[in-house]
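Undergrad: Given chain C, put chain S in place with the hints provided.
Just so you know, the protein sequences line up as chains C and S, in that order.
Once you know that position 136 of the first sequence is 136 in the numbering used here, the rest is easy, because the numbers rise by one and skip nothing.
Convert by adding 1000 to the 1-based position in the second sequence; the result is the number in the numbering used here.
Just so you know, the hints here were simulated from the structure itself, not pulled from any lab data.
We put the beta carbon where it would ideally sit given N, CA and C, even for glycine.
A hint or two may mislead.
[Claimed, not checked] If you anchor each label on the Cβ, the simulated ranges turn out as follows: (1) Glu98(C) <-> Arg1515(S): 53 to 63 Å; (2) Val1341(S) <-> Ser12(C): 14 to 24 Å; (3) Arg1515(S) <-> Gln16(C): 32 to 42 Å; (4) Asn1575(S) <-> Glu98(C): 16 to 26 Å; (5) Leu1616(S) <-> Asp177(C): 37 to 47 Å; (6) Pro44(C) <-> Asn1586(S): 54 to 64 Å; (7) Glu60(C) <-> Asn1586(S): 45 to 55 Å; (8) Glu60(C) <-> Leu1616(S): 50 to 60 Å; (9) Thr1540(S) <-> Leu187(C): 34 to 44 Å; (10) Asp177(C) <-> Glu1572(S): 13 to 23 Å; (11) Val1085(S) <-> Leu13(C): 53 to 63 Å; (12) Ala1431(S) <-> Thr119(C): 46 to 56 Å; (13) Val164(C) <-> Pro1330(S): 27 to 37 Å.
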Amino acid sequence: MTETTTPKRGVSLWVQIVIWAFIAALLVLVGVILNKRQQGTVQPGDQIPDFTLPLFSGYEYEGQSEVKLSDFRGKLVVLNFWASWCKPCEQEAAELEEAWKMYEDSGKVVFLGADYVDTEPEARAYLKKFGITYYNGPDMGTRISQLFRIRGVPETYFIDPDGVLYYVKVGPFLSVDEITSIIEQKLP
Amino acid sequence: MLAEFGYGVLLVSFVVTIYSGIAAFYGVRSKSSALVESARRAQLLTFPLITISSLTLIYLLINNHFEVSFVYEVTSRSMPTYLKVTAWWGGQAGSLVFWSWLLAVFTSAVTLRKWDRDAEFLPWVIVVSSITLTFFLGMIVVFENPFTRFWLVNGNVEPSMFKPAASATIFTPNDGQGLNPLLRHPGMIIHPPMLYLGFVAYVIPYAFAMAALITGRTDDRWTRITRRWSLWAWLFLSLGLVLGGRWAYDVLGWGGYWGWDPVEIAAFMPWLTGTALLHSVMIQEKRGMLKHWNMILVILTYSLVIFGTFLTRSGVLSSVHSFANSPIGPFFMGFVTLTLVSSIALLIKRWPELKSETEMKSMLSREALFLLNNLLFMSILVVCFWGVISPLISELLTNQKITVGPPYYERATGPLFAGLLFLMAVAPLSAWGHSTVQTLGRALWKSALAAVIVTVILFVTYTQNFYALLGFFLVALILFATGHEFWRGARARQKAQNENFFVALGRLMGRNHRRYGGYIIHISMALMAIGILGIEIFQTETQGTVAAGEALNLGDYTVEYRELASWDSPGEGVNYTRAVVDIYENGVYLGQLYPRIDYYFDSQQNMTIPGQRSTLRDDLYILLVDWQPVSSIGATFKIYVNPLVNWLWLGSITFLLGLIFAAWPERDPADEAVRRKVTRDNRQASAAD
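Chain C with its partners taken away, still in its complex shape:
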């Protein structure tokens, strides 16, 4: 037997150190993220701090190339997080646009699309494909999505005219009625 002739050797110390360091790093990483996730998304009733959304060209708001949430005080804001790579987003794209068309002329409701972790050519192709006309721009550096602590796309936040969040929709809308009924709750 070869086994008796070769000396039995354990795992060398540095390999052990590497393994344990790897496990520890992994657990710390997951632990920190878990802790972050436990806070959940922003809750209805929270006052939303101001943020700035740069807009894609062709999607400007009154000639401005970026908008602040505070620009819309007095209006109801529907903030939709989406991405061109997100399949469930496609499910609701037409519905969002249709709902926007219903309120566009009233001037009481604003739809904002925040494009989450995306590239501009794909995002533009997506907007064109679904004929989206409401204000849209990239969520630069994921600053806005972190402000809302979103967990994925699509997610939609309904902010009342006073800047207070009153409804959160995680996942795609399945009908225009679903969107309008949430808006009608707070429409003055």
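TA: Leaving out everything else, chain S in the frame of chain C:
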């Protein structure tokens, strides 16, 4: 009353499980067989206890006990009874009960059978599975109690297990929220329990591996005992993945079957290591090599099951599969840590004793190619793991979220999958111990030539896409090489035993289930690869709004919109909107399809049911996206042509057959000898008459 009963039984099983684990531990440490026996009996008790609790839950589900919050969340009055039963595993709390129940079933099955034979391992197996079960039951009892009820306290409704205040009364909602209609699909009803079966069944090989490490019996005993468990676990896991794909294809409405979603990857990672394990275990049995490696694989598989479940259930990873925000995170995290640290510590401790008995002699031998196969599986695992973990790292370090999408996975794993296909064709032809380029070349050249001819034909008649041709070449190589193996084996037996060819083939396969079942699985993988190549490379789509009588074109197909009708079905609580379209191919009428949208009143959700025309050549897949409700003049359709996709489902069925064949118990040789002798004696007796 019933809710308290169900919860009480769960509490009792929790305590019994803890006792079982502790008694087994001290029993084996103090060599007290009485204590070990007591632990075993306690363990056996968990199965009926959790069964009773589960039956209570199912009773509550079937009988619309909406005062129980879990029942309220996952069922509604309009749901048929079978869906109410399956709601058992449809929500987080219930699925944890289901999981615990499976664990109790499997552990009982192990401890009931062959106790004497495996007496040295089994106490430790009980310890390991009791710890796992304690954890899951603990999670249910403390955090995710499916028996929690609604109480009316001072005009507010709050969920609680027991009466929260003296004045509190039970609150019963009129109707439940109902199951998400997307999940009311046969594939979705079977998909989760199959995955859970697969996940939980891996506890058994893991527990035996731990027992082997603890007791120091590091020969191949544990792999022999758990071989069939690994195979069945793998079967269920594979089935779960395939059914999930089928569900996505039918229901999600984008003609896809696999989206590289974090939850999909979490289920796919243990499958990768499980597949590698199935192969490398054979090397340990045949050649006494790779003992370390098998231990690593079994630990990895089980850890990935637990880790993946944790990541997706605690909300660390977001996905379309996400469960509601849940408090189980930190508790689960503790269990993940315990599993990883204790397994690795044990493995490091026993590392020197897991030495190979033989050395690798040839880089082309069967064992070398198996090792290569393992490395490829591991590489795919690393790609997947990085895809799942890197967004977390970047979120932590740069405070920016970066997600990796399907293109990353497709680019990184594509060549690795191609390598696996190549090995699938070549490795079965190489010999254990020693193979050379010459021996391998002799075995392979005919198949390779045939595959080249097929590829050339495809190049001329079907496609000039390089990746598609490469894929089809590898598929053809597998089919020819594996077919050749069947043919050669049967011919040899035909000559030696003077049997009819088909009898010889049948007996040949019957003598080595694992080997020929494995070959059938290889063939099925090749068939599935055809479907995947088809949909990934050749899928085409179009979208458009048309009035009645107008048509949309895609490739050779013309889809003409005829009419649309919308009606309520109050009994089912659904509104149906159904379009009728005529299908033509190059002007030839093929028939009608009926894409529709079902609207569920209780959950206010739409469900898109595609009109589908399936052939082996392609799937025409038509979705009704939108319509004009008042005039029903126009309707919007999305149309996909998914070439070859049905080979994927055909391959899945072949795969299932191959697996069942491989896992089917072979006749015990001793048994067989006795049986044969009896028939011969009978024959002599009847000849004497």
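Undergrad: None of the hints should be skipped; say for each whether it holds.
TA: Each hint tested on the structure:
1. Glu98(C) <-> Arg1515(S): 53 to 63 Å: holds (59 Å)
2. Val1341(S) <-> Ser12(C): 14 to 24 Å: Given range 14 to 24 Å: holds, Cβ gap about 19 Å.
3. Arg1515(S) <-> Gln16(C): 32 to 42 Å: 39 Å Cβ-Cβ, so the 32 to 42 Å window holds.
4. Asn1575(S) <-> Glu98(C): 16 to 26 Å: holds (19 Å)
5. Leu1616(S) <-> Asp177(C): 37 to 47 Å: holds (41 Å)
6. Pro44(C) <-> Asn1586(S): 54 to 64 Å: Taking Cβ atoms as reference, Pro44(C) and Asn1586(S) lie about 56 Å apart, which means the hint holds.
7. Glu60(C) <-> Asn1586(S): 45 to 55 Å: Cβ of Glu60(C) to Cβ of Asn1586(S): about 47 Å, so the range 45 to 55 Å holds.
8. Glu60(C) <-> Leu1616(S): 50 to 60 Å: For Glu60(C) and Leu1616(S) the Cβ distance comes to about 52 Å; the hint holds.
9. Thr1540(S) <-> Leu187(C): 34 to 44 Å: holds (43 Å)
10. Asp177(C) <-> Glu1572(S): 13 to 23 Å: At roughly 20 Å between Cβ atoms, Glu1572(S) and Asp177(C) fall inside 13 to 23 Å, so the hint holds.
11. Val1085(S) <-> Leu13(C): 53 to 63 Å: holds (55 Å)
12. Ala1431(S) <-> Thr119(C): 46 to 56 Å: holds (51 Å)
13. Val164(C) <-> Pro1330(S): 27 to 37 Å: Because 31 Å falls inside the window, the suggested range holds.
In the structure shown, no violation is registered for any of the earlier numbered hints.
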